[in-house]
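Novice: Kindly generate the complete structure, drawing on both the sequences and the hints.
Going by the working numbering, 247 is the number at position 247 of the sequence shown; the sequence numbering is gapless.
Keep in mind that the hints were calculated from the coordinates and are not lab data. Mixed in with the good hints there might be a few duds.
To be verified - Label pairs and their in silico Cβ distance ranges:
| no. | residue 1 | residue 2 | range |
| --- | --- | --- | --- |
| 1 | F291 | F38 | 29 to 35 Å |
| 2 | F38 | P175 | 37 to 43 Å |
| 3 | N81 | F52 | 35 to 41 Å |
| 4 | L140 | Q308 | 22 to 28 Å |
| 5 | V246 | L160 | 27 to 33 Å |
| 6 | F291 | V368 | 41 to 47 Å |
| 7 | L140 | F38 | 26 to 32 Å |
We put the beta carbon where it would ideally sit given N, CA and C, even for glycine.
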Amino acid sequence: VVLAMQGAFMAYGLNAFFVPLAVTLATSRGALSLAFSFTRLESAILGPIEGFLIDRFGPRRLMFIGFAVLGMGFLMFSRVNSLLGFYVVFPVIILGGSFSGFLPVVTAVNNWFSRRRGLATGICSAGVNVGGVLVAVVALFIGAYGWRAAAVMIGLIIWLLGFPLAAMIRHRPQPYGYLPDGDDPEEHEVSSGDGTAHPSADSIESPDFTPMQALKTPAFWTISACHGLSVLIISMVTIHQIPLLVDAGMSFETAASVLAFMTGVAAVGRVVGGYLADKVGMKPTLLVCFFLMSAGVVVLASAQTVQQAIVYAVLYGLGYGARAPILIALRAEFFGPRNFATIMGLSQPVMVLGSFFGPIAAGFAYDVQGSYRMVFSVIAVINLIGAALVFFIKKPNMPQRKEAVPVDG
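Specialist: Given below as structure tokens:
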């Protein structure tokens with residue numbers, strides 16, 4: 001549910017504000033895209049800090065802070081009257097969304113599941129796309145009452161739902177007498193000759209990398225590069241899909257509905273991708289994801305009809321959705337769950353390179369050429385470099401290190 005809120009109001013919902021905000025502020029799409037891109041630099045700085053705080057204090061405390069800031073950010077957004085004001089307020093929204101959203105939730109999921117980690121991560125992260133389906137509702141509300149009223153409504157909903165949801169989050173299973181997957185600790189203990197119970201081999205087989213050890217492995221950098229290249233195409237499509245389809249002659253509501261449909265397909269893709277990652281393997285499934293995303297963006301670049309937009313939504317949505325749980329689960333599989341949030345956070349600077357340049361390139365390409373076709377076609381080809389990098393992802397050797405499990409937050 002937390003991630004559904006993120007999808008409805010952050011990951012996709014902000015897209016619905018793009019066109020009416022540009023009209024109100026009388027500014028170019030490139031100038032607005034600049035704000036979206038510079039907030040990615042904020043994420044690059046916050047990522048390692050956020051990851052450390054989650055591993056140290058648990059996700060629950062961070063999420064309370066995040067929801068408080070996020071709700072306030074949307075209320076401030078509703079009062080924006082200039083491009084400069086937007087530049088000031090938008091980072092507040094991103095800060096609140098970061099602390100209340102994806103990383104805290106997937107950290108908890110990867111701590112609670114091991115054997116079916118890919119599927120569990122896929123089901124959980126599908127919430128983002130399920131929420132994205134509500135973008136059409138947000139767009140209708142904006143059309144009927146204006147984007148300022150919509151921003152106020154979103155801020156109040158975040159406060160109303162966010163705090164109770166944060167209170168339900170649990171960091172790790174061990175403080176509650178369980179092991180990952182809900183296993184009973186007594187079933188994973190064996191007795192030594194002196195009658196003392198010790199953990200069985202099955203219960204200690206998970207890798208346990210420190211953040212510094214992970215940074216020294218080629219796998220960390222290869223996975224981060226794959227993730228960064230996929231985020232390059234995602235950031236561009238997420239911000240500019242609705243404007244592109246509006247330029248193709250579709251109404252604002254129709255374009256928002258295509259986005260909602262794509263996110264629904266992506267929700268299915270996340271679950272299917274997580275399942276296939278557990279059954280077929282993470283690398284083969286990830287390879288298919290990159291090809292589907294590129295094919296979908298090529299279709300989007302020249303889409304002129306709703307039917308073509310639907311073809312894009314199916315191809316891109318499946319690849320985009322399925323890729324997310326795999327890239328997340330790979331890190332937990334390779335480096336272990338103990339420092340998962342910190343290691344994910346350390347990946348942020350690499351990933352941010354893609355999300356920083358994507359919206360800027362698309363926005364200014366449109367301002368210069370009056371079309372998205374060329375820049376979207378180029379980015380579809382660049383995305384295939386990510387597919388090539390999949391072949392170089394190798395599981396690192398497990399370090400010899402054991403520490404006490406931190407207390408739950």
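Novice: State for each hint whether it applies.
Specialist: We went through each hint and held it up to the structure:
1. Between F291 and F38 the CB atoms are about 31 Å apart, so this pair conforms to the stated range of 29 to 35 Å.
2. In this structure the hint that F38 and P175 lie 37 to 43 Å apart at CB holds, the actual value being about 39 Å.
3. At roughly 37 Å, the beta carbons of N81 and F52 sit within the given window of 35 to 41 Å.
4. Take L140 and Q308: their Cβ atoms lie about 23 Å apart, and the range 22 to 28 Å holds.
5. At roughly 32 Å, the beta carbons of V246 and L160 sit within the given window of 27 to 33 Å.
6. Roughly 29 Å separates the CB atoms of F291 and V368, a value that falls outside the hinted 41 to 47 Å.
7. Distance hint check for L140 and F38: the Cβ-Cβ separation is about 30 Å, which falls inside the suggested range of 26 to 32 Å.
The structure does not agree with numbered hint 6 stated previously, though it agrees with all others.
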